[in-house]
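Student: Sequence lines, in order, name chains P and L. Heads up, my numbering is the position in the first sequence plus 89, with the first residue counted as 1. Heads up, my numbering is the position in the second sequence plus 581, with the first residue counted as 1.
The reader is advised that the hints may include incorrect statements.
As the list claims (entries may be wrong) - Taking beta-carbon pairs under 8 Å as the criterion, some of the chain L residues facing chain P (in silico):
#1 N815
#2 L816
#3 P841
What the hints assert, rightly or not - Using C-beta positions, here's what the derived DEER-type ranges look like:
#4 P:F140 with L:I632: 56 to 62 Å
#5 P:L245 with L:L760: 36 to 42 Å
#6 L:N955 with P:I364: 49 to 55 Å
It should be emphasised that the hints constitute simulated quantities derived from the structure, not laboratory data. This structure is a prediction, so every number in the text was calculated from the model and none was measured. Beta carbons are placed, not taken as given, at the ideal position from N, Cα and C, and that holds for glycine.
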Amino acid sequence: MSEAIEPDIDVEALKEQGVDLEVAEKVAPERDIVTKVGEALVQVQDLTIKFGGLTALDNVTFDINRGEILGLIGPNGAGKTTCFNAMTGVYKPTSGKVLLEGQLLNGLPQHRITRRGLARTFQNIRLFGEMTALENVVVGLDARHRTSVGGALLRLPTHVREEKTAIERGMALLEFVGIADHAHFLSRHLPYGYQRRLEIARALATDPKVLCLDEPAAGFNPAEKEELMALIRTIRDDGYTVLLIEHDMKLVMGVTDRIVVLEFGKKIADALPKIIRDDPKVISAYLGEPEDDLA
Amino acid sequence: MSTTDGPTLIPDDASAQEIADREARMRRRKGWFPGLSDKWNALPRQTQWLILIVVVVIAYLLPILNPPLITTEPGNNWQIALAQMSVYALVAVGLNVVVGYAGLLDLGYVAFFALGSYTAAMFTSPDSPYVHIPYLWTLPLAMAVAMFFGVVLGVPTLRLRGDYLAIVTLGFGEIVRILATIIPAMKGQVGFQNVGHPPGTDSSGQTIFQNSNGTPWYWLTLTIIILVLLAAGNLERSRVGRAWIAIREDEDAAEIMGVPTFKYKVWAFAIGASVGGLSGALFAGQVGFVNNQKFDIATSILFVAAVVMGGTGNKVGAILGGALVAYIPLRFTAIAEFKYLIFGAALVVIMIFRPGGLLPARQSLLAYGRLAYNKLKGALGDIPASGKVVLEPGKGADK
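Hey, can you work out the whole structure from these sequences and the hints?
Tutor: Right under this line is the structure:
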């Protein structure tokens with residue numbers, strides 16, 4: 090799979106346009122990922138989830154390799170979001186394991202999983218509406234902060250330092266996703282597309298090793314989708330690994346390096362986009378008939 | 582950090598029309614005092630401090646000024662009324678941490694108030710057979726006792742949400758009152774007379790802190806309120822305050838963004854409880870008498886009403902709400918009998934016309950946010966399409 094992670098955009102051209110590719114370094118200068126590029130960062134092993142008699146996920150196994158954009162697709166009700174929720178600790182798996190850099194995530198509280206390096210966005214936007222855009226991002230940054238209640242009360246030096254860097258890093262992130270000029274708006278007053286980007290910025294703020302995006306393009310028009318694809322690629326080029334759940338086939342085919350297909354809770358395919366596109370099983374399960382509609 | 586050298590990859594497509602629409606939306610939300618918080622925020626930091634100092638000085642002078650029309654006399658002694666108002670204000674500030682910031686509906690807050698009162702009474706009143714300590718020592722002790730019970734109540738119940746939590750806290754409020762009735766050591770309705778007071782006599786040898794003289798009690802409580810406000814402000818503009826607001830806004834999302842929600846909910850409960858205990862101890866000292874009659878559910882609801890009326894989540898609003906709840910029945914003695922009816926009606930009216938409370942200003946959650954936003958505002962000035970960008974109400978306000 091490793092040939093798939095070659096960046097397919099012109100990095101130099103982006104830099105000339107003023108794109109800040111080093112946001113990861115600015116936001117999280119001490120990031121420390123043991124896994125080498127191309128090796129499995131997240132391992133999902135035999136993951137099974139049952140809700141009563143309903144098996145939502147059935148022995149699903151796949152890896153997320155460092156540095157890739159992995160697409161997770163499937164028809165409605167295939168178990169994509171369930172898989173997502175099991176990975177991030179919202180659901181407890183009936184059986185199976187989720188490993189991040191070889192360490193078991195099962196059973197950890199959600200906020201600990203986030204601190205281990207698995208961040209996510211939500212299918213239906215869930216920002217903190219009464220907070221400004223910048224404050225939303227700083228909540229994400231707080232995941233890496235060490236100030237205690239006492240430290241905040243007495244304004245100890247650690248607290249002061251963290252507060253100051255948090256604003257710099259928060260602004261850098263907002264700039265990265267392109268909404269810095271709206272930093273002072275309450276997030277519920279932001280336009281829809283900006284809210285989606287703010288969610289991505291907030292998730293990036295937790296300094297994740299893997300960024301999980303749950304249908305980030307829902308409700309976007311084609312132009313906005315185009316911009317989102319570019320943003321996701323930039324995030325990957327910045328050293329993040331991305332897991333993408335998406336319905337829009339054009340977006341998935343255009344941006345991912347590898348695709349895992351679920352149907353009725355089972356994995357039916359795991360391959361490069363161009364192979365997925367021609368896979369008869371996938372086509373019958375999900376894509377419908379005519380092939381030319383896809384690309 | 583100008584916005585012009587940001588990524589051009591994602592162009593800023595907010596048109597002037599969009600921004601104008603958004604501004605109009607915000608202006609409509611502002612309510613009765615349009616531009617008041619904007620004006621406040623536009624003031625330089627020094628001017629804000631100057632105004633605050635003037636306000637504080639006036640607050641300290643209130644018992645001496647005894648302003649006509651506002652005063653509660655002849656019906657009620659103005660100084661004692663002020664002392665009671667300040668205690669209620671302190672209660673509201675404490676409860677605001679729980680209800681306003683963390684969004685946990687605590688209907689049994691009177692329990693912590695009662696715990697503080699009984700702590701002060703049982704360690705200072707001659708009616709109590711226990712160890713006696715100086716009154717001022719009971720203040721931190723009352724905080725500690727209330728905080729302890731806040732954690733004891735919080736740890737098992739804070740896994741509940743919304744209505745369930747409200748019901749459990751309601752029960753807790755009753756438990757403390759009933760225990761005070763049935764435990765012989767707490768003396769039920771007989772209660773404790775002559776609760777202690779801070780030391781000190783004036784030049785003529787009279788005790789300064791008399792139950793019949795509200796002024797020193799008012800000054801003491803006011804000073805404590807200011808200290809609590811400073812502490813609350815520090816917490817607010819830190820990861821603690823942000824965690825609380827995030828929990829209030831969307832608990833699941835907060836948890837997934839790395840906020841240890843349970844821990845911070847317990848902290849909110851503990852801090853709120855300790856302020857409740859403190860105000861209870863002050864109340865016991867000022868009134869000088871504690872029995873089980875003052876800590877009923879109606880008082881608890883009154884506390885919540887004070888916070889909601891003043892402006893949930895805004896500590897200045899909470900002070901206003903707390904003071905008003907105590908002031909109205911004292912000032913308008915003719916209607917004092919109907920105070921619950923009137924507060925009920927007032928709450929309904931406020932919720933309809935001013936759902937954010939009387940002072941709905943949003944609190945800033947970043948210690949150095951003002952700087953960043955001002956910088957941003959400066960940068961935005963260069964972009965003609967943006968026109969006049971109005972900051973949100975409450976932005977950067979460190980009230």
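Student: Indicate, hint by hint, whether the structure satisfies it.
Tutor: Hints, one by one, checked against the model:
no.	hint	verdict
1	N815	holds (5 Å)
2	L816	holds (6 Å)
3	P841	holds (5 Å)
4	P:F140 with L:I632: 56 to 62 Å	holds (58 Å)
5	P:L245 with L:L760: 36 to 42 Å	holds (39 Å)
6	L:N955 with P:I364: 49 to 55 Å	holds (54 Å)
The structure meets every hint from the earlier list without exception.
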